[in-house]
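So the protein sequences, as listed, match chains A and B.
Per the numbering used here, the very first residue in the first sequence carries number 1; after that it's consecutive.
Per the numbering used here, the very first residue in the second sequence carries number 1; after that it's consecutive.
Any given hint could be a false lead.
As the list claims (entries may be wrong) - Subject to a maximum C-alpha distance of 20 Å in a straight line, what follows is the list of computed SDA-like cross-link-like pairs (lysine to any residue):
(1) B/Lys438 x A/Gly180
(2) A/Lys247 x B/Ile411
(3) B/Lys438 x A/Gly219
(4) A/Lys247 x B/Lys438
Said to hold, decoys possible - Label-pair restraints from in silico Cβ distances:
(5) B/Ala250 x A/Gly235: 30 to 40 Å
(6) B/Arg440 x A/Ala255: 23 to 33 Å
(7) A/Asp135 x B/Ser217: 55 to 65 Å
(8) A/Arg165 x B/Ala250: 29 to 39 Å
(9) A/Ala234 x B/Ala250: 38 to 48 Å
(10) B/Leu491 x A/Ile168: 50 to 60 Å
(11) B/Gly434 x A/Ala234: 46 to 56 Å
(12) A/Gln137 x B/Arg440: 35 to 45 Å
(13) A/Gly180 x B/Leu491: 29 to 39 Å
It should be emphasised that the hints constitute simulated quantities derived from the structure, not laboratory data.
C-beta atoms are modelled at their ideal positions from N, C-alpha and C, and glycine is treated no differently.
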Amino acid sequence: MSLSRLQTATDILKQRTRAYEAQAYQAHRGMALGDAGASQPLALGASAVDHCLEGGLVCGGLHEVRSALARDIGAAAGFALGLAARALEADRSGRSGVVWVSDPATRVDGGGLFPAGLTQYGLDPSSMTIVEPGDLQGAMWAADEAAGCNGLAALIFQIKGNPARFDITATRRLMMRARGSGVLALILRQSGEEEASAAATRWRVNTEMSGADDSLERGVGAMRLSLTLERNRAGRTGQWLLAWNPKVRSFNHAAPHPASNRVSGANPPAHSLDRLPAPANRRDSSGQMGQVLDRRQDFGRVS
Amino acid sequence: MDAYPETPPVVVTDTVKNAIRIVALDERARARGIRLNQTLSDARALVPDLDCHAADDESNRALLLKIAGWCERYTPLVALDAAPEAERDHGLFMDITGCAHLLGGEAAMIADLEARLRAQGFHVRLCLADTPGAAWAMARYGQDRIIAEGAHAEAVLPLSLSGLRLPPAMVASLGRVGLKTIGCIAGMPRAPLAARFGARLMQRLDQALGREEEAISPIMPVAELSTERRFAEPVTHQEEISHVIAALAAGIIEPLERRGLGLRRCRLRLFRVDGHVSHLDVQTARPLRDAKMIRRLFEERIAGLHDDLDAGFGFDLIRLDVVHADPFEGAQTEMMAEMMAHHAAEQGHDALVDRLGARLGLDRVQRFVLADTHIPERSFGRQPIAHLGARSRSGSGNAALALIPEAPGEIITRPLILFDRPELMQTIAEVPDGPPLKFRWRGVSYEVARSEGPERIACEWWRDGRGARTRDYFRVEDRQGYRFWMFRHGLYGRETSDPAWYMHGLFA
């Protein structure tokens, strides 16, 4: 075999390798984003967030909503339910219903959903299916099943802390099933730390003081949420102040409260180490009791 | 009796007419001279080492029900002997019409039944006859095991009158006038007998002789369809069982199609070699006619069992019963593509509910239902979807939820998260009815920045009685932006002098 022939063969091989790499990259990107071609991304309604997400959340994908403290569960549930309400309204080819699967550990101090509150929040309680398995394994199985169901608009999997069993393999399985079916799969992690997972995005939700109410001097105004996009596989992260409008079922940007010392957007993200992957092999800290966490946080804020 | 020479004779005692008497005994006790209805003290005088047990009717009945369940391997029509006279008489009726040929004829069936029951340690007396009455009499007082067709009347005539399922008092008084056998009264004029001893006597006679129809009431509702498979070699492995389920399910699809039905509830019965019978039920949200889905539901059901299906030495009969079926709505009614897609999506949702229910338990998959009350924690409940009607099952038409009058609005007055039990807090608030200023909940202090209220929710005196208190609800926001729903329990001065505060919910 002559040298030129050998070179041609090498070129062909190189070309093929490049093609494979491109393919693999596409596949990886598709995995991270969900099947972007198949389903329309779910826009939140707030322009800056949607821009950062390149159109919105990927529907056939897994997303994590996290709250650091037990008492933050109201805000975190508010964000997750808002997303679910939007997914329901988007009504992609006859999808209906939201399945809410909860790990039994969350019932201890988390409370339960209140139908009257859901209605006022813009979510029809009759579209909710509540699944309460007896143990975490059953809950994970139920979440897997729901994520793989074609007829479903959204799945919310409420979990407490960072149980060792719900590891990166479990989240990847959940993500794959959601990608196959096109369900918006949300992990609602209550009083949990950040942990590596297969989720396309991870959000931390904090409450924010409401704006002034025009009609009532000391009244409680419209709710606001301080959202931190801690991790985004497909793009940038960020922090925003959002309000939920139940009437049109849409998030929109809210002006910061004058008394609040936080400024949306301008200040650096709360976690400067956002881009570093969180460890996957953390030992099992199965969600410390809410009280203890609360007290620690309380001291931190007072000082 | 020789098998266990060292164990003492066993008797069962009960209080009859203010004396502890023997109501059942084993062969060894009989051999040592103990008789039925003897008082226990007499029996003890004869045999001091008597092993006696108090009669336990409930356990007896439970055991009999289990045997009846096992007997369903021969016929679906198995009934308990429910005659009031047969209180202590543990009998079963089986209607084997159309079943005997499946087991090689009547004689083979009876022999099989007896051999299997004996192997389980039961002493049985069997008789096969044209009428339940005749079979009852012959099993207890006759010799023959199979009475030929039409021969039941001659067979029962020589038997004692006790064979007619009559109260003992009536048998005794008939005996006093010299009527000892069934034949004695069969030939007598009916009217005087009926006038003297009641219509019951004539009815029992007619039932035994086949002049009057008698229906038995099976313990299990008879399945609409049923298929089964028997094994010469018992199956034990999960995969084998799974294969059998698939084969059985495939077998019922065709009959379902022929009848235009779809399966709603079916029951799998696994007959273990040692006589134990396991049941597994699955339900579907809408009529189903898919063998693969049926198999999958049962696999989920088996996977969801707390301990695995205990196969023991294996199952030698597996049966699939269609307990309930509904008309199957064919797909041809919805021709439009969009409708089809919607239908498929809904099917996906319903199938999900079925699968979740099959594995986790039906009561763990729930939907909200509303109650007509203003007390928040009572205003709603969660009901298993399987127990809701088919109509309210589908998302849109939930009749119970139509109660909610409020449309989503700008002002939110109800929290997203509600605590099942309101949690007690320490609170500083203005008296008599001002909003809270500071409070301590779950060990953390909060300062109130904004509040709205009170929203007064009166107590339900018709339910809670006199001591019930009014609740004043407040929406409260603290300095960090947490929004709470809390209430003061009791009106200051009127209902209590020291109202307690409770945390009840969290807003978004």
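Verification of the supplied hints:
no., hint, verdict
1, B/Lys438 x A/Gly180, "violated (50 Å)"
2, A/Lys247 x B/Ile411, "holds (10 Å)"
3, B/Lys438 x A/Gly219, "holds (16 Å)"
4, A/Lys247 x B/Lys438, "violated (33 Å)"
5, B/Ala250 x A/Gly235: 30 to 40 Å, "violated (50 Å)"
6, B/Arg440 x A/Ala255: 23 to 33 Å, "holds (32 Å)"
7, A/Asp135 x B/Ser217: 55 to 65 Å, "violated (41 Å)"
8, A/Arg165 x B/Ala250: 29 to 39 Å, "holds (37 Å)"
9, A/Ala234 x B/Ala250: 38 to 48 Å, "holds (46 Å)"
10, B/Leu491 x A/Ile168: 50 to 60 Å, "holds (55 Å)"
11, B/Gly434 x A/Ala234: 46 to 56 Å, "holds (51 Å)"
12, A/Gln137 x B/Arg440: 35 to 45 Å, "holds (37 Å)"
13, A/Gly180 x B/Leu491: 29 to 39 Å, "violated (58 Å)"
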